[in-house]
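Asks: Single-letter residue listing:
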Amino acid sequence: AQELLQRMSEKCYKKCIVKPGTTLDNSEQKCIAMCMDRYMDTWNLVSRVYSQRLQ
Amino acid sequence: AQELLQRMSEKCYKKCIVKPGTTLDNSEQKCIAMCMDRYMDTWNLVSRVYSQRLQ
Amino acid sequence: AQELLQRMSEKCYKKCIVKPGTTLDNSEQKCIAMCMDRYMDTWNLVSRVYSQRLQ
Amino acid sequence: SQKAELQAQVHKLADVCWEQCIDRPRDKLDSKTETCVSNCVERFIDTSLTIATRFQKLLQGAAANM
Amino acid sequence: SQKAELQAQVHKLADVCWEQCIDRPRDKLDSKTETCVSNCVERFIDTSLTIATRFQKLLQGAAANM
Amino acid sequence: SQKAELQAQVHKLADVCWEQCIDRPRDKLDSKTETCVSNCVERFIDTSLTIATRFQKLLQGAAANM
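Residue numbers (the working numbering), protein chains in the order written: chain G, 1 to 55; chain D, 1 to 55; chain C, 1 to 55; chain W, 1 to 66; chain U, 1 to 66; chain A, 1 to 66.
If we strip away everything but chain G, and leave its shape as in the complex, we get (with noise of 0.2 angstroms):
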């Protein structure tokens, strides 16, 4: 899951944190948990057609 994980944190990194500031504020917060479970949403979702695909 370490593939997983990294390539989360830069994509919900560049999409949730425009301008860095001193701390994460909680819109930033919030908007990284959606961006990591539309994340794995759309890892499980490509993962499923994939396979389907191979079969």
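Quick caveat, the hints were computed from the structure, so don't treat them as lab data.
Any given hint could turn out to be false.
Unchecked claim - For lysine to aspartate or glutamate, the following EDC-like pairs were computed, each having C-alpha atoms within a straight-line distance of at most 20 angstroms: (1) Lys-19(G) <-> Asp-30(U); (2) Lys-12(A) <-> Asp-41(C); (3) Lys-14(G) <-> Glu-19(U); (4) Lys-14(D) <-> Asp-27(W); (5) Lys-15(C) <-> Asp-27(A); (6) Lys-30(D) <-> Glu-42(A); (7) Lys-15(C) <-> Glu-19(U); (8) Lys-14(C) <-> Glu-19(U); (9) Lys-3(W) <-> Asp-15(W); (10) Lys-15(C) <-> Asp-30(U); (11) Lys-19(C) <-> Glu-5(A); (12) Lys-19(G) <-> Glu-34(U); (13) Lys-15(G) <-> Asp-30(U); (14) Lys-30(D) <-> Asp-46(W); (15) Lys-57(W) <-> Asp-41(D); (16) Lys-30(C) <-> Glu-5(A); (17) Lys-3(W) <-> Glu-3(D); (18) Lys-32(W) <-> Glu-3(G); (19) Lys-15(D) <-> Asp-46(A); (20) Lys-15(C) <-> Asp-30(A); (21) Lys-15(G) <-> Asp-15(W); (22) Lys-14(D) <-> Glu-34(W); (23) Lys-28(A) <-> Glu-3(C); (24) Lys-57(A) <-> Asp-41(C); (25) Lys-12(W) <-> Asp-25(G); (26) Lys-14(D) <-> Glu-42(A); (27) Lys-19(D) <-> Glu-5(W).
Unchecked claim - Restraint-style ranges between C-beta atoms, simulated for each label pair: (28) Asp-30(U) <-> Leu-5(D): 25 to 35 angstroms; (29) Asp-30(U) <-> Ala-33(G): 47 to 57 angstroms; (30) Ser-31(A) <-> Asp-27(W): 29 to 39 angstroms; (31) Lys-3(U) <-> Ala-8(A): 31 to 41 angstroms; (32) Lys-28(W) <-> Leu-5(D): 50 to 60 angstroms; (33) Ser-31(A) <-> Asp-30(U): 28 to 38 angstroms; (34) Asp-27(U) <-> Leu-5(D): 43 to 53 angstroms; (35) Asp-27(W) <-> Phe-55(U): 13 to 23 angstroms; (36) Leu-49(A) <-> Gln-55(C): 22 to 32 angstroms.
Note that this is a predicted model, so its numbers are computed, not measured.
Using N, Cα and C, we set each Cβ at its ideal position, and we do this for glycine too.
With chain G's structure known, arrange chains D, C, W, U and A on it following the hints.
Replies: Then chains D, C, W, U and A, alone, in the frame of chain G:
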């Protein structure tokens, strides 16, 4: 050639499939064929210029 | 340092050579030198902040 | 290993389809986005197969001309 | 090795923060840019930790439901 | 191996010069695009050499100050 095929697939998908539909339509197929030919032209030219420069 | 040199070359080529000509002109050479110095400043600063955070 | 290669391919596809289909993350993956991701995976595979087949033909053509 | 991993992480962070903070290279790294790079590194680490912690919780929740 | 390294460099250069010179693929690589690709490779190598040389000098300067 595996690396070349993978890079061409990604580059040409991004160039040719702007909004993915339920099939590859005709214009997308033509775009992929042309994109692939141009990518290989580019790769061969790069390879030639690079080799000459190294000598 | 090989990895650092490669990354700087790519970043600074992209920043400084907008339209590649038959030679590196004066302003491109200055841009590359400046870009390289700033990239190394950035790298050193990142390295310092990251190390402090890890402790 | 083959498993590692499949994983790498899923990571690459998730990356490409995330960039293409998700503009701003929302409360859930709505059906429009799901369709986009699903089509993205299918068309990416089609693109790879088209390219691999055409590449094979080019190699055979080159061999025939030798 | 662990040293190689740290180096790789510094390269990745330098890449991300360079793209985010340096628009046009100047005579020196001015204080505004230094602050941006420094915050970029700190917030990137915060983001990674937030994601790793949340991921851990999801795994535990999934395990509890088995 | 050295051959693998050369191949990797050609892949990287093809990637950079493709992004810089080919906007929309056409029927053939026209002469303007060929010139762009060729100059792109040459100037990229110049950039790498400039940076490697300058880096070497900085290291020597740092060593001299120790």
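Asks: Confirm or reject each hint.
Replies: Here is what the structure says about each hint:
1. Lys-19(G) <-> Asp-30(U): The given pair, whose Cα atoms are some 17 angstroms apart, holds under the 20 angstroms limit.
2. Lys-12(A) <-> Asp-41(C): violated (25 angstroms)
3. Lys-14(G) <-> Glu-19(U): holds (10 angstroms)
4. Lys-14(D) <-> Asp-27(W): Violated, at about 27 angstroms.
5. Lys-15(C) <-> Asp-27(A): Given pair Lys-15(C), Asp-27(A) is violated - Cα atoms ~30 angstroms apart, limit 20 angstroms.
6. Lys-30(D) <-> Glu-42(A): Between Lys-30(D) and Glu-42(A) the Cα gap is close to 31 angstroms, so the pair fails against 20 angstroms, i.e. violated.
7. Lys-15(C) <-> Glu-19(U): holds (10 angstroms)
8. Lys-14(C) <-> Glu-19(U): At roughly 11 angstroms apart (the allowed maximum being 20 angstroms), Glu-19(U) and Lys-14(C) satisfy the hint.
9. Lys-3(W) <-> Asp-15(W): OK: Lys-3(W) and Asp-15(W) at ~18 angstroms, within 20 angstroms.
10. Lys-15(C) <-> Asp-30(U): Holds, because 18 angstroms separates the two Cα atoms, which is no more than 20 angstroms.
11. Lys-19(C) <-> Glu-5(A): This hinted pair is violated, its Cα atoms lying about 27 angstroms apart.
12. Lys-19(G) <-> Glu-34(U): Measuring from Cα to Cα gives roughly 13 angstroms; hence the hint holds.
13. Lys-15(G) <-> Asp-30(U): violated (26 angstroms)
14. Lys-30(D) <-> Asp-46(W): holds (13 angstroms)
15. Lys-57(W) <-> Asp-41(D): holds (16 angstroms)
16. Lys-30(C) <-> Glu-5(A): The hint is violated at about 29 angstroms.
17. Lys-3(W) <-> Glu-3(D): holds (18 angstroms)
18. Lys-32(W) <-> Glu-3(G): violated (27 angstroms)
19. Lys-15(D) <-> Asp-46(A): violated (29 angstroms)
20. Lys-15(C) <-> Asp-30(A): violated (26 angstroms)
21. Lys-15(G) <-> Asp-15(W): Answer holds: Lys-15(G) to Asp-15(W) is near 13 angstroms, not above 20 angstroms.
22. Lys-14(D) <-> Glu-34(W): holds (19 angstroms)
23. Lys-28(A) <-> Glu-3(C): Status violated; Cα separation ~35 angstroms.
24. Lys-57(A) <-> Asp-41(C): holds (16 angstroms)
25. Lys-12(W) <-> Asp-25(G): violated (30 angstroms)
26. Lys-14(D) <-> Glu-42(A): violated (26 angstroms)
27. Lys-19(D) <-> Glu-5(W): Violated - the C-alpha atoms of Glu-5(W) and Lys-19(D) are around 27 angstroms apart, more than 20 angstroms.
28. Asp-30(U) <-> Leu-5(D): 25 to 35 angstroms: Roughly 45 angstroms apart at Cβ, these two residues miss the hinted range, so it is violated.
29. Asp-30(U) <-> Ala-33(G): 47 to 57 angstroms: Taking Cβ atoms as reference, Asp-30(U) and Ala-33(G) lie about 34 angstroms apart, which means the hint is violated.
30. Ser-31(A) <-> Asp-27(W): 29 to 39 angstroms: violated (53 angstroms)
31. Lys-3(U) <-> Ala-8(A): 31 to 41 angstroms: violated (23 angstroms)
32. Lys-28(W) <-> Leu-5(D): 50 to 60 angstroms: Violated - the Cβ-Cβ distance for Lys-28(W) and Leu-5(D), about 36 angstroms, lies outside 50 to 60 angstroms.
33. Ser-31(A) <-> Asp-30(U): 28 to 38 angstroms: Given a distance of about 44 angstroms, which is not inside 28 to 38 angstroms, the answer is violated.
34. Asp-27(U) <-> Leu-5(D): 43 to 53 angstroms: holds (45 angstroms)
35. Asp-27(W) <-> Phe-55(U): 13 to 23 angstroms: holds (19 angstroms)
36. Leu-49(A) <-> Gln-55(C): 22 to 32 angstroms: violated (38 angstroms)
Violated hints, in rising order: 2, 4, 5, 6, 11, 13, 16, 18, 19, 20, 23, 25, 26, 27, 28, 29, 30, 31, 32, 33 and 36; the structure is consistent with all others.
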